[in-house]
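Start from the sequences and build out the full structure, keeping to the hints where you can.
Residue numbers (the working numbering), protein chains in the order written: chain A, 136 to 248; chain B, 4 to 115.
Note that these hints are calculated values from the structure, not bench results.
Certain hints may be false.
[To be verified] In silico lysine-lysine, PhoX-like type, Cα no more than 25 Å apart, as pairs:
| no. | chain 1 | residue 1 | chain 2 | residue 2 |
| --- | --- | --- | --- | --- |
| 1 | B | Lys14 | A | Lys171 |
| 2 | A | Lys235 | A | Lys171 |
| 3 | A | Lys235 | A | Lys202 |
| 4 | A | Lys235 | B | Lys74 |
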Amino acid sequence: GEDVEQSLFLSVREGDSSVINCTYTDSSSTYLYWYKQEPGAGLQLLTYIFSNMDMKQDQRLTVLLNKKDKHLSLRIADTQTGDSAIYFCAENPGSSNTGKLIFGQGTTLQVKP
Amino acid sequence: DTGVSQNPRHKITKRGQNVTFRCDPISEHNRLYWYRQTLGQGPEFLTYFQNEAQLEKSRLLSDRFSAERPKGSFSTLEIQRTEQGDSAMYLCASSVDNSPLHFGNGTRLTVT
Numbered sequence: 136g137e138d139v140e141q142s143l144f145l146s147v148r149e150g151d152s153s154v155i156n157c158t159y160t161d162s163s164s165t166y167l168y169w170y171k172q173e174p175g176a177g178l179q180l181l182t183y184i185f186s187n188m189d190m191k192q193d194q195r196l197t198v199l200l201n202k203k204d205k206h207l208s209l210r211i212a213d214t215q216t217g218d219s220a221i222y223f224c225a226e227n228p229g230s231s232n233t234g235k236l237i238f239g240q241g242t243t244l245q246v247k248p
Numbered sequence: 004d005t006g007v008s009q010n011p012r013h014k015i016t017k018r019g020q021n022v023t024f025r026c027d028p029i030s031e032h033n034r035l036y037w038y039r040q041t042l043g044q045g046p047e048f049l050t051y052f053q054n055e056a057q058l059e060k061s062r063l064l065s066d067r068f069s070a071e072r073p074k075g076s077f078s079t080l081e082i083q084r085t086e087q088g089d090s091a092m093y094l095c096a097s098s099v100d101n102s103p104l105h106f107g108n109g110t111r112l113t114v115t
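Okay, here's the thing in structure tokens:
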């Protein structure tokens with residue numbers, strides 16, 4: 136079945152790097168996404184990667200994709216207290232990219248000053 | 004670009020009542036999606052529209068749920084005869100064709 140898995144909690148100190156991991160199930164997923172959710176708010180698109188890429192960098196964010204292992208990671212460099220939030224990994228199963236995303240449970244990132 | 008707008012932000016209703024939520028997508032976005040998020044979980048897909056056509060509905064969308072997008076712009080999601088299990092955050096998102104989804108801030112429904 137379709138299932139996206141993430142670890143539930145990560146705690147880091149301000150200034151350290153954070154790495155959030157995700158495994159997905161559908162090898163035909165065209166795009167994979169990272170969203171951020173702050174308390175009481177909706178989801179903010181952080182970044183996404185096309186399945187024929189293995190890395191994408193966007194300022195402090197680096198996404199790594201291992202298609203063979205169906206593993207996706209998000210690295211946040213120089214983590215700040217404002218990065219404290221829940222981070223969701225999502226896949227778009229199938230090759231049609233309809234926007235019917237499958238989300239993980241979310242990883243709560245706690246940044247300690 | 005004012006973002007995806009959802010109203011109301013919060014709704015408290017008694018079991019058995021009907022509720023309706025509204026979503027205004029980003030202007031020019033032809034696709035509109037509804038997701039549901041329960042506490043501690045990721046969002047789950049409910050349904051989506053391309054312009055005014057409803058193209059897919061999840062098994063989660065029971066016959067008490069109905070969504071419309073009559074003019075291909077805003078959308079409404081109605082839940083009839085609400086149950087306590089309907090308590091959740093209802094999220095709307097929009098996109099241009101296959102571009103990434105942009106989400107609104109959601110409507111939090113509490114059924115007492």
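Going through the hints against the structure:
1. B:Lys14 <-> A:Lys171: holds (24 Å)
2. A:Lys235 <-> A:Lys171: holds (18 Å)
3. A:Lys235 <-> A:Lys202: Holds: lysine 235 of chain A and lysine 202 of chain A sit about 20 Å apart, inside 25 Å.
4. A:Lys235 <-> B:Lys74: holds (22 Å)
Of the numbered hints listed earlier, not one is contradicted by the structure.
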